[in-house]
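Chemist: Listed below, chain by chain, are the residues.
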Amino acid sequence: DAKTTQPTSMDCAEGRAANLPCNHSTISGNEYVYWYRQIHSQGPQYIIHGLKNNETNEMASLIITEDRKSSTLILPHATLRDTAVYYCIVRVSHAAGNKLTFGGGTRVLVKP
Amino acid sequence: GAVVSQHPSWVICKSGTSVKIECRSLDFQATTMFWYRQFPKQSLMLMATSNEGSKATYEQGVEKDKFLINHASLTLSTLTVTSAHPEDSSFYICSARDLAPGGVYNSPLHFGNGTRLTVT
Chain A
1 DAKTTQPTSM DCAEGRAANL PCNHSTISGN EYVYWYRQIH SQGPQYIIHG LKNNETNEMA
61 SLIITEDRKS STLILPHATL RDTAVYYCIV RVSHAAGNKL TFGGGTRVLV KP
Chain G
1 GAVVSQHPSW VICKSGTSVK IECRSLDFQA TTMFWYRQFP KQSLMLMATS NEGSKATYEQ
61 GVEKDKFLIN HASLTLSTLT VTSAHPEDSS FYICSARDLA PGGVYNSPLH FGNGTRLTVT
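Chains as they are written, first to last, in the working numbering: chain A, 1 to 112; chain G, 1 to 120.
Keeping only pairs whose Cα atoms sit at most 30 Å apart, straight-line, the calculated BS3-like set for lysine-lysine is:
hint, chain 1, residue 1, chain 2, residue 2
1, A, LYS99, A, LYS69
2, G, LYS66, G, LYS14
3, G, LYS64, A, LYS99
4, G, LYS55, A, LYS99
5, A, LYS3, A, LYS69
6, G, LYS55, G, LYS20
7, A, LYS3, G, LYS64
8, G, LYS20, G, LYS66
9, A, LYS99, A, LYS3
10, G, LYS55, A, LYS3
11, A, LYS69, A, LYS52
12, G, LYS66, G, LYS41
13, G, LYS41, A, LYS3
14, A, LYS99, A, LYS52
15, G, LYS20, G, LYS41
16, A, LYS111, G, LYS41
17, A, LYS69, G, LYS41
18, G, LYS41, A, LYS99
19, G, LYS20, A, LYS99
20, G, LYS14, G, LYS55
21, G, LYS14, G, LYS64
22, A, LYS52, A, LYS3
23, G, LYS20, G, LYS64
24, G, LYS14, G, LYS41
25, G, LYS55, G, LYS66
26, A, LYS99, G, LYS66
27, G, LYS64, G, LYS41
Just so you know, the hints here were simulated from the structure itself, not pulled from any lab data.
Construct the complete structure from the given sequences, taking the supplied hints into account.
Modeler: Dropping the structure here:
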């Protein structure tokens, strides 16, 4: 699976949009981009995933560049409860046993 | 949505004893479950892939005789830490994917809330 690069940490203001970048320059054509987050002392929570089109759900938006070498997760109105470590993962998704490999993630602190 | 439940949420045991952790998919069937371990301030590290009805596949460096995995049904996988030692103290997390008929292979993994193991 392609490796991803994310900033180690970032702060954002409550109520503002949080834009989390991820570089995956070696991504292959059949690899999806997944975003998870982990709030302290809990299991990871799925946020969103996409292949090449931008995606939006009730939690966030995912913007994937046209060359697919990078993406941005957007939390439209950050709240204090969005403080967490956010993981960007790329993975081929054609087999039931396909595992997720976590990198270091971005530690996001939402400040009042 | 799909729910994965882990039990217990925390456990303290004495060195040399064994501890069993359960992972259940509550509203879906999972032929494959994954077990992760996370040390403080570190990322999740995959330990093994649990396959229903067959042997688990362990990642390099993970002792299969120490971390026993059983996946006897489509909704339950167990991880037993045998002869636990203080260095086994960690946060253990399981995950599974809903592959019901009509499900797709790019559907996301769902994670349990983890089990914090402390070995004294």
